[in-house]
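Here is what each chain is made of, one letter per residue.
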Amino acid sequence: MARMKFLCDAERCIECNGCVTACKQEHEVPWGVNRRRVVTINDGVPGERSISVACMHCSDAPCMAVCPVDCFYKTDEGVVLHDKDLCIGCGYCFYACPFGAPQFPQAGAFGLRGKMDKCTFCAGGPEKDHSEDEWKKYGRNRLAEGKLPACAEMCSTKALLGGDGDVVADIYRNRVLKRGRGAEVWGWSSAYGAPKGGSQAPAAAPAKS
Amino acid sequence: MHMKRAAGIAAIAATALLAGCGEQGQSIGQATTYKQGKYQGKPDTRPYENAPGAFSQGAQWNAGDKAGWESAIKRRQQGQNEYVKAE
Chain A
5 MARMKFLCDA ERCIECNGCV TACKQEHEVP WGVNRRRVVT INDGVPGERS ISVACMHCSD
65 APCMAVCPVD CFYKTDEGVV LHDKDLCIGC GYCFYACPFG APQFPQAGAF GLRGKMDKCT
125 FCAGGPEKDH SEDEWKKYGR NRLAEGKLPA CAEMCSTKAL LGGDGDVVAD IYRNRVLKRG
185 RGAEVWGWSS AYGAPKGGSQ APAAAPAKS
Chain B
497 MHMKRAAGIA AIAATALLAG CGEQGQSIGQ ATTYKQGKYQ GKPDTRPYEN APGAFSQGAQ
557 WNAGDKAGWE SAIKRRQQGQ NEYVKAE
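As they're listed, the protein sequences go chains A and B.
For the first sequence, counting from 1, position 156 maps to 160 in my numbering; every step adds exactly one.
For the second sequence, counting from 1, position 18 maps to 514 in my numbering; every step adds exactly one.
The hints are simulated quantities; they were obtained by calculation from the structure and are not laboratory data.
Backbone N, C-alpha and C fix where the C-beta goes; we use that ideal spot for every residue, glycine too.
Heads up, some of the hints might be wrong.
As the list claims (entries may be wrong) - Partial chain A-side listing against chain B, Cβ under 10 Å, derived:
1. GLU52
2. ASP74
3. LYS88
4. ASP89
5. PHE103
6. ALA148
7. LEU165
Unchecked claim - If you want the footprint, here are the derived chain A segments under chain B, 3+ residues with CB under 8 Å:
8. 10-23
9. 133-146
10. 175-183
As the list claims (entries may be wrong) - The list that follows gives simulated cross-link-like pairs (lysine to aspartate or glutamate, EDC-like), each with its CA atoms no further than 16 Å apart:
11. B:LYS534 <-> A:ASP64
12. A:LYS182 <-> B:GLU578
13. A:LYS132 <-> B:GLU578
14. B:LYS570 <-> A:ASP170
15. A:LYS140 <-> A:ASP74
16. B:LYS562 <-> A:GLU81
17. A:LYS141 <-> A:ASP80
18. A:LYS141 <-> A:GLU32
19. B:LYS538 <-> A:ASP170
20. B:LYS538 <-> A:ASP137
21. B:LYS570 <-> A:GLU15
22. B:LYS570 <-> A:ASP168
23. A:LYS119 <-> A:ASP74
24. B:LYS562 <-> B:GLU578
25. B:LYS562 <-> A:ASP174
Could you put the whole structure together from the sequences, leaning on the hints where they help?
What follows is the structure in structure tokens.
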């Protein structure tokens, strides 16, 4: 089955924070915890770009690797989830995560850290689907309702796409081809460098003789 | 007077000694044996194992019908592609 992924189109994101609000509202995330954030690069400078960031549900997730109580698991759909009953709130996952996804609610006085909370790809957690326990600990389980994450579905410009990596990549590729630009902003070129002014495709590998 | 003081001291000592008894156990639990590098938490159900519920907005599949759930999700994914809608 699918490998669920998010993809944010920096050409389309208008920093409206609709995804952040949708997430907060959908799961009633407490004050001080942000499962999703919008990050703007070169803010205020012409050509600024924004992307929406949350847990990227890594294929080889560093949070899973460092957790001392092994409370993380990956679903068949490639969604990285965790068991809050097991989490000790140590914060190792926060240090390991390159996206700052793990969040820690304040659990008492003196800044005491609570159990980790993060984006669940709207897939709930290890409790009975649609149960009160699942709702309280992990938020709504939209995948079990046949829906996609609220942030992606609420995105007004459809900058944020969520779903099977292959499908999402196809939607984005089709979009880039239609509008004739965008791959240089977010994709191969941003990761590996692009020729100047270029949205050209990376050079083909030399043919083997 | 001595009796009262002794009783007071005994009460304080008993309170101090029993204070630890209210502490909750902090081990992972006897049912779980810790194994390095393996998920130690509760098992989770798959999203298609239950019927979609009251908020599915038209998505329908029977409990356990993986193909039905996948087709519901596929339909939903294409809702993000406005080029399909426009053409």
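We went through each hint and held it up to the structure:
1. For GLU52 (chain A), the interface hint is violated, since its Cβ never comes within 10 Å of a Cβ in chain B; the closest pair sits about 24 Å apart.
2. Checking ASP74 (chain A) against chain B: minimum C-beta separation of about 5 Å stays under 10 Å; hint holds.
3. Interface hint at LYS88 (chain A): satisfied, since its Cβ lies 9 Å from the closest Cβ of chain B, which is below the 10 Å cut-off.
4. Interface restraint check for ASP89 (chain A): the shortest CB-CB distance to chain B comes to about 7 Å, inside 10 Å, so the restraint holds.
5. With a cut of 10 Å, the hint placing PHE103 (chain A) at the interface with chain B is violated, because the nearest CB-to-CB distance is about 21 Å.
6. Using the Cβ-Cβ criterion of 10 Å, the hint placing ALA148 (chain A) at the interface with chain B is satisfied: the shortest such distance is roughly 4 Å.
7. The beta carbon of LEU165 (chain A) is positioned within 10 Å of a beta carbon in chain B (closest approach about 5 Å), and the interface hint is therefore held.
8. Residues of the segment 10-23 of chain A with a Cβ under 8 Å from some Cβ of chain B number 0, which does not satisfy the need for three, so the listed coverage is violated.
9. Look at the segment 133-146 of chain A against chain B: 3 of its residues bring a Cβ nearer than 8 Å to a Cβ of that chain, three or more, so the hint holds.
10. Closer than 8 Å: that is the beta-carbon criterion, and the segment 175-183 of chain A has 4 residues meeting it against chain B, so the requirement of 3 holds.
11. Our distance criterion of 16 Å between C-alpha atoms is met by LYS534 (chain B) and ASP64 (chain A), whose separation comes to about 14 Å.
12. A threshold of 16 Å between alpha carbons decides the hint, and for LYS182 (chain A) with GLU578 (chain B) the separation of about 12 Å falls inside it, so the pair holds.
13. Under the criterion of a C-alpha separation no larger than 16 Å, the hint pairing LYS132 (chain A) with GLU578 (chain B) is inconsistent with the structure, at around 35 Å.
14. Note on LYS570 (chain B) and ASP170 (chain A): the hinted pairing holds, with a Cα-Cα distance of about 11 Å set against a maximum of 16 Å.
15. The suggested pairing of LYS140 (chain A) with ASP74 (chain A) is violated, with an alpha-carbon distance near 21 Å, which exceeds 16 Å.
16. The straight-line distance between the Cα atoms of LYS562 (chain B) and GLU81 (chain A) is roughly 12 Å, inside the 16 Å bound, and the hint therefore holds.
17. Distance check on the hinted pair: LYS141 (chain A) and ASP80 (chain A) sit about 21 Å apart at the alpha-carbon level, beyond 16 Å; violated.
18. For the suggested pair LYS141 (chain A) and GLU32 (chain A), the alpha carbons sit about 10 Å apart, so the restraint of at most 16 Å is met.
19. Restraint check for LYS538 (chain B) and ASP170 (chain A): the C-alpha separation of about 30 Å exceeds 16 Å, so the hint is violated.
20. Of the pairs offered as hints, the one joining LYS538 (chain B) and ASP137 (chain A) holds, with about 13 Å between alpha carbons and a cut-off of 16 Å not exceeded.
21. As the CA atoms of LYS570 (chain B) and GLU15 (chain A) are separated by approximately 25 Å, the hinted pair breaks the 16 Å bound.
22. As the CA atoms of LYS570 (chain B) and ASP168 (chain A) are separated by approximately 8 Å, the hinted pair is consistent with the 16 Å bound.
23. In summary, the hint linking LYS119 (chain A) to ASP74 (chain A) is supported, as the alpha carbons are separated by about 14 Å, within the 16 Å threshold.
24. Of the supplied pair hints, the one linking LYS562 (chain B) and GLU578 (chain B) is violated, its CA atoms being roughly 27 Å apart against a limit of 16 Å.
25. With a C-alpha separation of about 23 Å, the suggested pair LYS562 (chain B) and ASP174 (chain A) falls outside the 16 Å cut-off, and the hint is violated.
Going down the numbered hints, you'll see the structure goes against 1, 5, 8, 13, 15, 17, 19, 21, 24 and 25, while the others check out.
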